[in-house]
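Peer 1: Taken in sequence, the protein lines are chains A and B.
At position 165 of the first sequence (counting the first as 1) the number is 165 in our numbering, and the numbers step up by one without a gap.
At position 1 of the second sequence (counting the first as 1) the number is 1 in our numbering, and the numbers step up by one without a gap.
The reader is advised that the hints may include incorrect statements.
One side only, chain A facing chain B, incomplete, derived with CB under 8 angstroms [claimed, not checked]: (1) Ser20; (2) Asn114; (3) Tyr149; (4) Phe213.
Examples of chain B residues toward chain A, derived with CB under 10 angstroms [as the list claims (entries may be wrong)]: (5) Trp95; (6) Met96; (7) Ala99; (8) Val101; (9) Leu105; (10) Ala150; (11) Val153; (12) Val158.
It should be emphasised that the hints constitute simulated quantities derived from the structure, not laboratory data.
All residues carry an ideal CB built from backbone N, CA and C; glycine is no exception.
Listed below, chain by chain, are the residues.
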Amino acid sequence: MNLSDLLPLLRFLAPEILLSALALGALLGEAALSRLLGVEKRQNLLGWLALLGLGACLVILGDQAARGETLALGRGAFVASPFNALLKTAATLAVMASVTMGLRAPFVRHVGENYALVLFSLLGMFFLLSAESLLMIFVALELTSLPLYALAASQKGARRSIEGGLKYLLFGGLSAAFLLFGISYVYGMSGQGSLAGLRDWLVAQRTAGGPGFLFLTGVCLMIVGLGFKIAAAPFHLWAPDAYEGAPLPAAAILASASKLAGIVVAARLLLGAFLPVAGNVLGSPLSWHAGWSPAVAALAVASLTVGNLAALAQRNAKRFMAYSSVAHAGNVLVAFLALDASGRPAALAAPAIAYYAVIYALTNAGVFAAIHALAWGARGDDFADFRGAARRAPFPAFFLLIFLLSLAGVPPMAGFFGKLFLFMAALQADATHWGLAWLVAYALAMNVVALGYYLRFARVLWVEPAEDLRPISTPLELRVALVALALLVLGLGVFPSSCLAAFRTMGGVLLLRG
Amino acid sequence: MRTAFILITFWTLASGLLAISRRNMIHCALALISFFAGIAALLFTLSADFLGAVQLLIYVGAISVLILFALLVTHDASRLGDRGAPFSRGKWSGWMLSALVFVVLGFGLHRVAVPPPPDPAPALPVAEIGRLLVTRHAVPFLAMALLLTAALVGSALVAIEESSEHARKE
Numbered sequence: 001m002n003l004s005d006l007l008p009l010l011r012f013l014a015p016e017i018l019l020s021a022l023a024l025g026a027l028l029g030e031a032a033l034s035r036l037l038g039v040e041k042r043q044n045l046l047g048w049l050a051l052l053g054l055g056a057c058l059v060i061l062g063d064q065a066a067r068g069e070t071l072a073l074g075r076g077a078f079v080a081s082p083f084n085a086l087l088k089t090a091a092t093l094a095v096m097a098s099v100t101m102g103l104r105a106p107f108v109r110h111v112g113e114n115y116a117l118v119l120f121s122l123l124g125m126f127f128l129l130s131a132e133s134l135l136m137i138f139v140a141l142e143l144t145s146l147p148l149y150a151l152a153a154s155q156k157g158a159r160r161s162i163e164g165g166l167k168y169l170l171f172g173g174l175s176a177a178f179l180l181f182g183i184s185y186v187y188g189m190s191g192q193g194s195l196a197g198l199r200d201w202l203v204a205q206r207t208a209g210g211p212g213f214l215f216l217t218g219v220c221l222m223i224v225g226l227g228f229k230i231a232a233a234p235f236h237l238w239a240p241d242a243y244e245g246a247p248l249p250a251a252a253i254l255a256s257a258s259k260l261a262g263i264v265v266a267a268r269l270l271l272g273a274f275l276p277v278a279g280n281v282l283g284s285p286l287s288w289h290a291g292w293s294p295a296v297a298a299l300a301v302a303s304l305t306v307g308n309l310a311a312l313a314q315r316n317a318k319r320f321m322a323y324s325s326v327a328h329a330g331n332v333l334v335a336f337l338a339l340d341a342s343g344r345p346a347a348l349a350a351p352a353i354a355y356y357a358v359i360y361a362l363t364n365a366g367v368f369a370a371i372h373a374l375a376w377g378a379r380g381d382d383f384a385d386f387r388g389a390a391r392r393a394p395f396p397a398f399f400l401l402i403f404l405l406s407l408a409g410v411p412p413m414a415g416f417f418g419k420l421f422l423f424m425a426a427l428q429a430d431a432t433h434w435g436l437a438w439l440v441a442y443a444l445a446m447n448v449v450a451l452g453y454y455l456r457f458a459r460v461l462w463v464e465p466a467e468d469l470r471p472i473s474t475p476l477e478l479r480v481a482l483v484a485l486a487l488l489v490l491g492l493g494v495f496p497s498s499c500l501a502a503f504r505t506m507g508g509v510l511l512l513r514g
Numbered sequence: 001m002r003t004a005f006i007l008i009t010f011w012t013l014a015s016g017l018l019a020i021s022r023r024n025m026i027h028c029a030l031a032l033i034s035f036f037a038g039i040a041a042l043l044f045t046l047s048a049d050f051l052g053a054v055q056l057l058i059y060v061g062a063i064s065v066l067i068l069f070a071l072l073v074t075h076d077a078s079r080l081g082d083r084g085a086p087f088s089r090g091k092w093s094g095w096m097l098s099a100l101v102f103v104v105l106g107f108g109l110h111r112v113a114v115p116p117p118p119d120p121a122p123a124l125p126v127a128e129i130g131r132l133l134v135t136r137h138a139v140p141f142l143a144m145a146l147l148l149t150a151a152l153v154g155s156a157l158v159a160i161e162e163s164s165e166h167a168r169k170e
């Protein structure tokens, strides 16, 4: 291989290379500037540089998406496709919102390291969104999570930050152990490291008497690991503490970009590689077929129940968002089950999951940015601290309302179409027998509960009287971020079907080798 | 060989149990090192020589030193375990969950039809492993390097601030 062969490679890997350079640059910048500038100046300067670099990333990703070329390296270890570029764009936007939130609110003294961790985590998400091999999925998941553990615990003065970070680390380590154990069983039984190879092997095993119990055990262990990552009940226990303890910019990444990457990788594994052993949960339990579907259905029902009911009882905005994220994990898992009796997924399923994950990431980034703006003048982040905040800071409160309505699934926000497509996919799967109607009906009922608690939060902001009437000023860059995210959430909601059509035509939604 | 395997298995299991049940963190770490060594010995008995050597070099050699070092530099770590019992409130649910996982895994292993070992056992020379790392697995290999950097920065960030605050208090 000579140099001219490497140049096209560079074009596909450019976002990842730029991001690694940015992360290392942040470390060097901190080392160079720590004597010259104070914490706040460094926070601002390095933050703007990071935003600039991430902006350049967006341009490169946009170019990749527009060119429409694909590249697969090392048996699925790295797959660049227009669709992946689009997912990475969404993750980058969410992280940019988080960096913007941190520009003027130094919560750590080691600014450069903090930015470096944020960028490393985003780099992990980039690798994860491009990974179609078991090895790369594991490495990328760790690269995504490890910096987040440190970020969650970075509010050193606060006891709950340490507690949240430690819980996140322990649960995350356990989930990684489950995932790795599952991967070792799956790889050991099949000898296939790439997702496409796994699927082909499973299809071949159909005539050879099935993949065996041990393989399915491995798949179940992997589901446990993935369940931790996307905070599906009953593996959600870390989420409320980690969200509450983490500084708001870090919590925003946890709730948006990291979740997006987790959902996409779960879809690639379950609906891509393990599709032949899906089984199904159509109709009554007696007619179900063994496979991963019943396990995922149990997770979906548990997440919908626990997430929505527990969110009702929350008094703290961040814990509330954590339970809301559990509930949304339940919503998205419904579309994982959109398989007909012969195990073929509904045409809508994969694009609907991707659309929902993107919308959810952008909306959640917006929610956290708005809460951050409102918390500026508040004592803490309990609901009581936000009473009547709309009068003190109408601008962020208005945008928070938009994002909350989108999460609640009120049309014409994108969140409505996200949920609509998920549930439509589930109903489409077995349209003649209404096989999944039970699950969709349950999810709809739980989403009515969700509407109630999102509106309750909005009521706290808009209706309840404020004790303190001093206005809260919102920095310009945060206003810009809020407007941009709201435009995206509204825009994706105005043209939902064209987004979905674009996702479909981009190909390789799940696996590159169709 | 079979007797050796069984003996080493018991040694490994006992070390593992010690590592999670002792109250003194240093004792836990020492038990963990013995556990790592047991795993290395198991790998040797299974004629996975390369993996065994890696286990010895990385886990018994490097990781264990790292753990002990972290314990020594961490403030009061050796006495940390004395305050709270390692088996606390959730211990029964913890035991039950582990038993469940064990049963499922054991059942799976019990059911599996072990293919006869290939004769002779395939040897993967170290040079070939190295070559694979820079060709087919180049991307995961590079990502792993970044992962280690991120882990180092993250742990430094978590540890450094605490020590400086500690210093300020004094």
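Peer 1: Does each hint fit the structure? Answer for all of them.
Peer 2: Do the hints match the structure? See the list:
Given hint, serine 20(A) at the interface with chain B, holds; its Cβ is 6 angstroms from that chain's nearest Cβ, closer than 8 angstroms. For asparagine 114(A), the interface hint holds, since its Cβ comes within 8 angstroms of a Cβ in chain B; the closest pair sits about 7 angstroms apart. Using the Cβ-Cβ criterion of 8 angstroms, the hint placing tyrosine 149(A) at the interface with chain B is satisfied: the shortest such distance is roughly 7 angstroms. The beta carbon of phenylalanine 213(A) is positioned within 8 angstroms of a beta carbon in chain B (closest approach about 5 angstroms), and the interface hint is therefore held.
Taking 10 angstroms as the C-beta contact cut-off toward chain A, the hint placing tryptophan 95(B) at the interface is violated, the least distance being around 15 angstroms. Below 10 angstroms, beta-carbon pairs count as interface contacts, and methionine 96(B) has none with chain A, the closest being about 14 angstroms; its hint is therefore violated. Among the interface hints, the one on alanine 99(B) is violated; its C-beta lies about 16 angstroms from the nearest C-beta in chain A, farther than the 10 angstroms criterion. Because the smallest distance between the Cβ of valine 101(B) and any Cβ of chain A comes to about 8 angstroms, under 10 angstroms, the interface hint for this residue holds.
Hint status for leucine 105(B) relative to chain A: holds, with the closest Cβ pair at about 7 angstroms, below 10 angstroms. Evaluation of the alanine 150(B) hint against chain A yields a held restraint, the C-beta minimum of about 4 angstroms falling below 10 angstroms. With its C-beta approaching chain A no nearer than about 5 angstroms, valine 153(B) sits inside the 10 angstroms limit, and its interface hint holds. Given hint, valine 158(B) at the interface with chain A, holds; its Cβ is 5 angstroms from that chain's nearest Cβ, closer than 10 angstroms.
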